[in-house]
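Could you put the whole structure together from the sequences, leaning on the hints where they help?
Chains as they are written, first to last, in the numbering used here: chain A, 1 to 258; chain B, 1 to 424.
What the hints contain is simulated information worked out from the structure, not anything from laboratory work. Keep in mind the model is a prediction, meaning the values are calculated, not measured. Among the hints, a few may not be true.
[What the hints assert, rightly or not] Partial selection, computed: residues in chain A whose CB lies under 8 Å from chain B:
id	residue
1	A78
2	F86
3	R93
4	H94
5	G104
6	S107
7	L113
8	I130
9	Y156
10	Q159
[Stated by the list, open to error] Pairs of lysine-lysine residues, derived as BS3-like cross-links and limited to a Cα-Cα distance of at most 30 Å, are as follows:
id	chain 1	residue 1	chain 2	residue 2
11	B	K238	B	K383
12	B	K411	A	K133
13	A	K56	A	K108
14	A	K68	A	K56
15	A	K108	B	K411
16	B	K46	B	K58
17	B	K383	B	K46
18	B	K58	B	K383
19	B	K415	A	K133
[What the hints assert, rightly or not] Computed beta-carbon distance windows for the label pairs:
id	chain 1	residue 1	chain 2	residue 2	range
20	B	Y360	A	N40	40 to 48 Å
21	A	G16	B	P217	56 to 64 Å
22	B	Y360	A	N153	16 to 24 Å
23	A	R144	B	L57	54 to 62 Å
24	B	I341	A	F118	33 to 41 Å
25	B	A79	A	P186	27 to 35 Å
26	B	A227	A	N243	55 to 63 Å
27	B	I396	A	R144	48 to 56 Å
28	B	A114	A	F118	23 to 31 Å
29	A	E61	B	R220	24 to 32 Å
30	A	N153	B	N412	19 to 27 Å
31	B	A34	A	I114	43 to 51 Å
32	A	G142	B	R98	36 to 44 Å
Even for Gly, the Cβ is constructed at its ideal location relative to N, Cα and C.
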Amino acid sequence: MTLPFLQVRNMSHDFGGLRAVSDYNLEIGSGQIRGLIGPNGAGKTTVFNLITGIYKASEGEIFLDGRKIDGLPPHRIASLGVSRTFQNLLLWRHMTVLEHVKMGHYSKIRYGLIGAFFGTPGRHREEAEIEEKAVRLLDRMGIRHLADQVVLNLPYGAQRRVEMARALATEPRVLLLDEPTAGMNPEELVQIMEIIRRVHGEFGLSILLIEHRMKVVMELCERIQTLDFGAVIAEGSPEEIQNNPRVIDAYLGQERAV
Amino acid sequence: MGLLNRNILVPFSRVPLLGWFFGALVAVTLERLAGTPLAQVLGLQKIPVLFGLSVMLKNPVLIPNVILYTLLIYIVPMAVATRLSISLTNGIAASLFRFPMAITAAVHLALLYAILHLWAGISDYRVLVLRLTLIAVMLTLSLNVINGYMGEFSCSHPGFMALGAYCASVLTIGLFVDAQLVGVASLPPALGPFLFPVALILGGCVASIGALFVAIPSFRTRGDYLAIISLAFMFIVKSLIENLEFVRGPRGLSGQPDWADLPTVFLWTVLCVWSINNFTRSTIGKALNAVRDNEMAAEAMTVDTRRTKIVAFLFGAFWAGVAGGLFAHVMRYVNPGNFGIQNLAEVLAMVYFGGLNSVYGSIVGAVSISLLGEALRPLEIFKWIIIPLLLILVMIYRPTGLIAFRDLDVKNLLKPKQKPDTEA
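So, in structure tokens, the structure goes:
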């Protein structure tokens with residue numbers, strides 16, 4: 001059996017006295033889609049922030065393709081192939097769509113500071129390559145016509161696509177999507193699900209998906225984890241999760257004898 | 001008003017930059033040839049040095065005469081020459097455009113220099129004001145890298161300028177002038193102009209090293225730390241120099257050789273604008289904007305935010321140091337008092353007046369505030385009421401400055417203007 005591509009072992013994290021994530025384990029094989037669900041405040045986004053290095057885990061280890069990545073700064077983890085989107089769309093409001101996608105190539109730039117200051121021929125060549133790749137990616141995401149728009153002026157659905165394109169521009173091997181359908185209408189929802197499916201198929205990515213809408217998780221994910229109060233309370237296929245009494249309790253509240 | 005403006009500008013919509021340069025060249029040549037007689041006919045003693053603003057303030061009776069002078073010498077000839085030469089200049093611009101960009105840009109720069117040279121040649125005062133204005137452009141743009149492009153708030157620019165100014169001065173005075181500083185001049189003065197760039201670059205490097213001391217502690221986290229630490233740095237540099245007997249403390253350092261003439265300052269300004277524009281338009285430079293707009297997202301997109309910030313800060317400091325070195329050699333005297341809070345206020349005003357995150361903005365801000373400062377000199381203390389008032393007005397109506405968030409695309413700027421129908 002092959003090793004899991006992304007592996008999290010016994011990870012815990014404390015905010016002061018509060019244990020936000022406790023003894024969390026995760027194994028995603030290459031090319032799998034995993035769902036992560038749970039009520040508000042369960043610690044889902046904290047798990048993302050721990051994997052991407054924004055927070056340093058109090059305990060536990062994280063491996064990417066057999067390499068230990070916990071403790072590395074976030075930009076190193078990102079350039080090793082872990083990319084993500086954010087729940088509340090952290091776009092760069094004064095930059096154009098094309099510039100967003102080009103930024104994903106930052107860690108691979110070879111021309112260095114000399115090229116940046118003096119505009120060497122090598123820099124122009126490399127910038128042209130980056131631009132070509134970026135335009136191709138925008139094309140695949142169906143937002144090429146928006147390339148020169150400043151993101152501030154775009155409708156919400158388009159901003160979601162830009163964020164997805166930006167995350168893909170780093171050429172990741174694992175993609176962490178934090179509520180990609182938040183605030184979307186049913187029509188946009190169908191489109192974004194289609195995009196996630198396509199991205200998964202075309203780029204051969206492993207995806208970890210945080211989602212509140214059961215329809216989306218149930219349709220997309222092969223396995224689902226449920227978090228409550230920072231701990232995994234259930235793990236299994238969509239059907240198993242749907243019928244798991246602990247999950248239902250966590251979402252609907254426990255019935256209590258009055 | 002807007003409609004009127006547009007109607008007046010319609011005949012000029014197809015003028016390429018080359019055309020404007022040609023018009024300006026005609027105007028300054030005319031001033032050279034006919035300026036003095038015309039000024040005398042109009043009852044002005046001599047050519048009004050800064051478009052007559054100071055004459056108007058001193059003697060309001062002469063206002064119509066000054067306006068007439070400006071119309072006859074600058075506005076009308078420039079408008080006529082520009083308009084009549086449209087097809088000619090467009091043709092030249094088009095054929096220039098076929099050459100490599102460097103050659104096209106060099107031709108434009110040479111023309112710009114010729115205009116400035118002819119304009120400034122009228123009086124020594126103009127030459128001085130022009131050189132100081134160009135230095136202000138360098139300072140403003142280098143501060144814009146930190147405060148505009150990167151979105152931090154740095155107050156240490158006068159400190160960097162002082163480091164550059166004193167370092168370059170000590171080198172040039174010590175090595176080339178038979179001064180009290182080290183005894184005898186050790187190098188022949190003929191070598192001077194060749195080693196002057198080295199002194200300036202070393203001054204810039206010293207400023208960068210100073211910047212490292214600010215950058216390392218303040219870029220660990222985000223927030224107001226940089227503003228506070230950089231302000232402290234500025235005062236530390238100032239009192240350090242005041243207490244260094246080696247550079248004659250508060251009495252200041254004088255006798256710098258006269259190497260910072262107009263072409264030298266012009267060349268350094270061009271170099272500064274060019275390299276900063278190159279930097280901020282590259283993906284490495286755009287990372288500054290990403291860090292400013294959202295640092296967490298920048299990290300998640302593989303940007304090493306700490307390194308990015310430190311590099312930009314050092315780069316800005318370098319150019320401030322070079323500008324300081326030039327300033328010392330233009331004034332040929334520096335003292336620690338030059339590099340205090342007033343200098344900081346001026347540079348900050350230029351950055352925020354002109355516009356954040358924009359090369360155009362920095363040029364406009366630096367030129368307008370410098371010229372205004374000079375023109376309003378007769379008002380003495382009231383100058384410091386009018387300029388801040390203007391700044392407040394700009395902040396109210398355009399909070400990011402006059403020309404903010406616009407890229408300077410050299411290619412686009414220099415291209416010939418096609419007929420309106422093909423352009424659209």
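Taking the hints in turn, this is what the structure says about them:
At its closest, the beta carbon of A78(A) sits 4 Å from a beta carbon of chain B; the interface hint therefore holds under the 8 Å criterion. Interface hint at F86(A): satisfied, since its Cβ lies 7 Å from the closest Cβ of chain B, which is below the 8 Å cut-off. Interface hint at R93(A): satisfied, since its Cβ lies 5 Å from the closest Cβ of chain B, which is below the 8 Å cut-off. Checking H94(A) against chain B: minimum C-beta separation of about 6 Å stays under 8 Å; hint holds.
About 5 Å separates the beta-carbon of G104(A) from the nearest beta-carbon of chain B, less than 8 Å, and the hint is met. A distance limit of 8 Å between C-beta atoms decides the matter here; for S107(A) the minimum to chain B is near 4 Å, and the interface restraint holds. Using the Cβ-Cβ criterion of 8 Å, the hint placing L113(A) at the interface with chain B is satisfied: the shortest such distance is roughly 7 Å. Below 8 Å, beta-carbon pairs count as interface contacts, and I130(A) has one with chain B at about 6 Å; its hint therefore holds.
Taking 8 Å as the C-beta contact cut-off toward chain B, the hint placing Y156(A) at the interface is violated, the least distance being around 17 Å. The criterion of a C-beta within 8 Å of any C-beta in chain B is not met by Q159(A), whose closest approach is roughly 12 Å, and the hint is violated. Under the criterion of a C-alpha separation no larger than 30 Å, the hint pairing K238(B) with K383(B) is consistent with the structure, at around 25 Å. At most 30 Å may separate the alpha-carbon atoms for a hinted pair to count; K411(B) and K133(A) meet this at roughly 23 Å.
Distance check on the hinted pair: K56(A) and K108(A) sit about 25 Å apart at the alpha-carbon level, within 30 Å; holds. A threshold of 30 Å between alpha carbons decides the hint, and for K68(A) with K56(A) the separation of about 13 Å falls inside it, so the pair holds. Distance restraint check for K108(A) and K411(B): the Cα-Cα separation of roughly 27 Å lies within the 30 Å cut-off, and the hinted pair is therefore satisfied. Among the hinted pairs, K46(B) with K58(B) is consistent with the structure: their alpha-carbon atoms are about 14 Å apart, no more than 30 Å.
The straight-line distance between the Cα atoms of K383(B) and K46(B) is roughly 24 Å, inside the 30 Å bound, and the hint therefore holds. A distance of roughly 14 Å separates the Cα atoms of K58(B) and K383(B); the hinted pair therefore holds under the 30 Å criterion. With a C-alpha separation of about 27 Å, the suggested pair K415(B) and K133(A) falls inside the 30 Å cut-off, and the hint holds. For the hinted restraint 40 to 48 Å between Y360(B) and N40(A), the CB-CB distance of approximately 47 Å keeps it satisfied.
Between G16(A) and P217(B), the C-beta spacing of about 26 Å breaks the proposed range 56 to 64 Å. With their beta carbons about 21 Å apart, Y360(B) and N153(A) fall inside the hinted range of 16 to 24 Å. Distance hint for R144(A) and L57(B): a CB-CB separation of about 56 Å, consistent with the stated range 54 to 62 Å. The supplied range of 33 to 41 Å is met by I341(B) and F118(A), whose beta-carbon atoms lie about 35 Å from each other.
At about 59 Å, the CB distance of A79(B) to P186(A) disagrees with the hint of 27 to 35 Å. Against the hinted window of 55 to 63 Å, the Cβ-Cβ separation of A227(B) and N243(A) comes to about 57 Å, which satisfies the hint. A hinted range of 48 to 56 Å for the beta carbons of I396(B) and R144(A) is inconsistent with their spacing of about 39 Å. As the Cβ distance of A114(B) to F118(A) is approximately 26 Å, the hint placing it in 23 to 31 Å holds.
E61(A) and R220(B) have their C-beta atoms about 26 Å apart, which keeps the hinted 24 to 32 Å range intact. Against the hinted window of 19 to 27 Å, the Cβ-Cβ separation of N153(A) and N412(B) comes to about 21 Å, which satisfies the hint. Between A34(B) and I114(A) the C-beta distance comes to about 49 Å, which sits within the given range of 43 to 51 Å. Range check, G142(A) to R98(B): about 38 Å between beta-carbon atoms, so the 36 to 44 Å window is met.
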